[in-house]
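Engineer: Given next are the chains, with one letter for each unit.
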Amino acid sequence: NAGVTQTPKFRVLKTGQSMTLLCAQDMNHEYMYWYRQDPGMGLRLIHYSVGEGTTAKGEVPDGYNVSRLKKQNFLLGLESAAPSQTSVYFCASINRWQGIGGNYGYTFGSGTRLTVV
Amino acid sequence: AQRVTQPEKLLSVFKGAPVELKCNYSYSGSPELFWYVQYSRQRLQLLLRHISRESIKGFTADLNKGETSFHLKKPFAQEEDSAMYYCALGEGSNYKLTFGKGTLLTVNP
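Chains as they are written, first to last, in our numbering: chain A, 41 to 157; chain B, 122 to 230.
Simulated from the structure, these hints should not be mistaken for lab results.
By construction, the Cβ of each residue, glycine as well, lies at the ideal position given by its N, Cα and C atoms.
Residues of chain B clear of chain A, computed beta-carbon distances all greater than 12 Å:
{"no.": "1", "residue": "Leu-132"}
{"no.": "2", "residue": "Lys-136"}
{"no.": "3", "residue": "Gly-137"}
{"no.": "4", "residue": "Pro-139"}
{"no.": "5", "residue": "Ser-176"}
{"no.": "6", "residue": "Phe-180"}
{"no.": "7", "residue": "Gly-187"}
{"no.": "8", "residue": "Thr-189"}
{"no.": "9", "residue": "His-192"}
{"no.": "10", "residue": "Glu-201"}
{"no.": "11", "residue": "Asp-202"}
{"no.": "12", "residue": "Pro-230"}
Computed list of lysine-lysine pairs in DSSO-like fashion (alpha-carbon distance at most 30 Å, straight line):
{"no.": "13", "chain 1": "B", "residue 1": "Lys-143", "chain 2": "B", "residue 2": "Lys-178"}
{"no.": "14", "chain 1": "B", "residue 1": "Lys-222", "chain 2": "A", "residue 2": "Lys-54"}
{"no.": "15", "chain 1": "A", "residue 1": "Lys-97", "chain 2": "A", "residue 2": "Lys-111"}
{"no.": "16", "chain 1": "A", "residue 1": "Lys-97", "chain 2": "B", "residue 2": "Lys-222"}
{"no.": "17", "chain 1": "A", "residue 1": "Lys-97", "chain 2": "A", "residue 2": "Lys-54"}
{"no.": "18", "chain 1": "A", "residue 1": "Lys-111", "chain 2": "A", "residue 2": "Lys-49"}
{"no.": "19", "chain 1": "B", "residue 1": "Lys-222", "chain 2": "A", "residue 2": "Lys-49"}
{"no.": "20", "chain 1": "A", "residue 1": "Lys-97", "chain 2": "A", "residue 2": "Lys-110"}
{"no.": "21", "chain 1": "B", "residue 1": "Lys-130", "chain 2": "A", "residue 2": "Lys-49"}
{"no.": "22", "chain 1": "B", "residue 1": "Lys-130", "chain 2": "B", "residue 2": "Lys-178"}
{"no.": "23", "chain 1": "B", "residue 1": "Lys-194", "chain 2": "B", "residue 2": "Lys-130"}
{"no.": "24", "chain 1": "B", "residue 1": "Lys-222", "chain 2": "B", "residue 2": "Lys-130"}
{"no.": "25", "chain 1": "B", "residue 1": "Lys-130", "chain 2": "B", "residue 2": "Lys-143"}
{"no.": "26", "chain 1": "B", "residue 1": "Lys-222", "chain 2": "B", "residue 2": "Lys-143"}
{"no.": "27", "chain 1": "B", "residue 1": "Lys-130", "chain 2": "A", "residue 2": "Lys-97"}
Please construct the entire structure, taking both the sequences and the accompanying hints into account.
Structural biologist: Okay, structure coming up:
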């Protein structure tokens, strides 16, 4: 049982390049989230999805796009990378019933460290 | 808007000493509060949730609605407690979490 898998783990981009980060979960979770983690800023929500085919904006969505074509995958895209997007990106997921029960026990991926030069 | 404040970026204590990591929140509804921990080179993981009133690894946290606080406490810190700790506030409808900026706890031998 792999849980939440993020690929790639590391990446260096040049300003203006594009890339896609992949998050895959094998737990049949409905809800998936993308956060970015920056020193002194904590984790901030970029986009989230409440089910296959649905996405919504979080706190810091500008410069990112997402897609959830399959329930198990949540993709985060950077169309034109900027140095301000240098960060560690975390994907997380949760089962609907955990949420209803008040147990926000997110399962997190191991993160993608992205550097934009 | 909901907000989570962790006033200490860094906290350093000696092994065996009590530790308290502070968390204050701002939320108009009934809060769902959590503590997450990130050990070095490991994934973020849930440590505690207020709804269960449990003790995990010797840590406890009590929700104080009057003071809008959810401080994390442990009576005797251990070196293996050294980690980054995040307080998080849940938003009910889509189970989104708003995280604080985190407190890096170092337990010295």
